[in-house]
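2 protein chains.
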Amino acid sequence: MNDVARLAGVSSQTVSRAVNSPNLLSPATLAKVRRAIDLLDYHPNVAAQSLANRTVKMIGLFMPFTQEQVKSNMFFHSLSATVCQRCAQHDFVLQLFTANPDESYVRLFKRLYREKRVGGLLLTCPSMNTKEIGELRSSAVPFVLIGRPAAPDLDVDYVDVDNAAGAHMAAQHLLNKGHRDIALLNAPKFMTLSEDLRSGVQRACQEQGEPVRFTEIHSELTYKSGLEIMRRLIASDSRPTGIITADDLLALTVKRAADEARLRIPEDIAVISTFASGWYDVMEPELTHVDTGFERIGIVAAEHMMKVILKKNPPPLRTVLDVKLTEGKST
Amino acid sequence: MNDVARLAGVSSQTVSRAVNSPNLLSPATLAKVRRAIDLLDYHPNVAAQSLANRTVKMIGLFMPFTQEQVKSNMFFHSLSATVCQRCAQHDFVLQLFTANPDESYVRLFKRLYREKRVGGLLLTCPSMNTKEIGELRSSAVPFVLIGRPAAPDLDVDYVDVDNAAGAHMAAQHLLNKGHRDIALLNAPKFMTLSEDLRSGVQRACQEQGEPVRFTEIHSELTYKSGLEIMRRLIASDSRPTGIITADDLLALTVKRAADEARLRIPEDIAVISTFASGWYDVMEPELTHVDTGFERIGIVAAEHMMKVILKKNPPPLRTVLDVKLTEGKST
DNA sequence: TTGTAGGCGTTATCAG
DNA sequence: CTGATAACGCCTACAA
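These protein sequence lines map, in sequence, to chains A and B. Residue numbers for the first sequence follow our numbering, so the first one is 1282 and each next one is one higher. Residue numbers for the second sequence follow our numbering, so the first one is 1282 and each next one is one higher.
Just so you know, these hints were derived from the structure itself, not from any lab. Hints may be right or wrong, so weigh each one.
Identical copies look the same in the list; a pair holds intra-copy or inter-copy alike.
Keeping only pairs whose Cα atoms sit at most 25 Å apart, straight-line, the calculated DSS-like set for lysine-lysine is [said to hold, decoys possible]:
no.: 1; residue 1: Lys-1458; residue 2: Lys-1605
no.: 2; residue 1: Lys-1588; residue 2: Lys-1391
no.: 3; residue 1: Lys-1505; residue 2: Lys-1592
no.: 4; residue 1: Lys-1391; residue 2: Lys-1338
no.: 5; residue 1: Lys-1610; residue 2: Lys-1458
Input sequences plus hints: build the corresponding full structure.
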């Protein structure tokens, strides 16, 4: 910076102004400084900037991935891609963090913030409990939950897609097609997602005048676990006629189990997914699914966090994004 | 830091030592300082550290993802997960970057380094040309290529899996099973991967005594493009008996096209993939594939970059990781 | 084994 | 509109 100042014949403060508030300079000085900046290929040191500014233009994205989840969960990948692009547009940077065996979630989050590594965090912790969230809330660390918190009254920023509504739509769709024996191949019990899906389906069943049989089964959101469950379910004497899956990967297990049992989709058994990540393309017949547009989650979360970091005091974030049904040929 | 020093009754320098070189302190002082650190929950400010140290313990991972690639390419996701974990173990941080429409690759890389955002970069640019690489090399930006550079004589650090050997193995496997009419469903032309695969298969064909018919087709590494190609290929009068795919996603398109044409795998047509990411699980019958252990790429690359950043002067990185064949039931 | 002085590269504040 | 001065929080070098 001093080199630039010397070359331009101004003080270093003027160089700073040329970078941060060019409108405060006279056109002539600005031009001079800019030429010097280009000539020397000067780039401000962001470490020095955040030291002087006391603001860190970096967002941390936390994803507690295990090997299994990494391989099958395209949601995480899509999320990081979206957030990364959004950050870049605002001169922010995205940092990735994952679970650390010898440090609790909350401790890690606090540390990252106190070390000024990040200005705030985006958290995808499907199992973070109320106590942990409360602790984090009282610690001044800015954060946004991806997915809704277990206790809805908690005063916390979050974004989610409306999974309950999605499940409701999915169930209604099957009911309208005449199905009266429905199974929900759900996510693991500990995920709040799993509650949302169940309640959505149940509500649809209750709204239906006639009696409906409803079975819920928790999978691990992996192909292996889903396939095992579906094989058992299809072989059982009480095979449902319609299946709602938490995920398009699970829908593939329905297809496979049906193939093995020589059942046709949708004639013998119908499938609908409340979520479609990349597995969707591979499904045959084309999968009826709830289109969550989950890419929006990352955008909303990142946008909010950047405002918080820049001290723009945005209103609390309690966003539940709407979803819609896309009919394929599997129902 | 000053607060800690005051509380412990020492100078701030001693606090610094307690953090960075505890062995230089007497046990008594160290204990005192540590107690103060815990009491005040002190965490060093990393921005100040890198300013004073002139070293940035951050690694940038660049992935030029488009929407399509994001959804289908689990390689990228797996890579970021691996690197993220490895970084965390050494108190490094991973930052994610993607292509920016109004800035060239090289310009972006230089900027990130000059701004001291990252200490070095890991680059997954399947199409970066020799000129760009040369320009980057002469710019003092530390970087490691993921995948080999187009010009092998370029004096550049890189890690790759031995795709040529993998393709060679795959072709040999088919030849040993008696196939004499082989097709390679390859990656896009511009990727160096695509050359490697072709050369591996060709070598295997030449080594075979008898004449072998070999067809190469470039896909876009997406389900849609692969399926189109496979439908045409299977319908044509010169349908190959064995197919080598660049990817397990492409292997799924073979399966689908075969199903549609009522061909059985492996009796009527055999499939083998030179790479298996997460799609592998979904394939039926179990996919014969080259096991690249590509997770190792991220580890090797990150490990090297951290040494470079810490000025440990590691030897040049010219690593081509070995691969092995895993036989399934699709050949 | 510990403390002091000075600097890392930037910005805020206050004068002019 | 521009410049001087003092931080920002830490570390290196040197001195004691």
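Structure-based check of each hint:
In this assembly of identical chains, the alpha carbons of Lys-1458 and Lys-1605 lie at most 25 Å apart only when taken from the same copy (18 Å versus 49 Å across copies). Taking the shortest Cα distances, Lys-1588 and Lys-1391 sit within 25 Å of each other inside one copy (20 Å), while across copies they are farther apart (28 Å). With identical chains, the CA atoms of Lys-1505 and Lys-1592 are never at most 25 Å apart, being 46 Å at best within one copy and 45 Å at best between copies. Taking the shortest Cα distances, Lys-1391 and Lys-1338 sit within 25 Å of each other both inside one copy (17 Å) and across copies (19 Å).
In the homo-oligomer, the alpha carbons of Lys-1610 and Lys-1458 lie at most 25 Å apart inside one protomer (12 Å), although the nearest pairing across protomers, at 39 Å, exceeds that limit.
Going down the numbered hints, you'll see the structure goes against just number 3.
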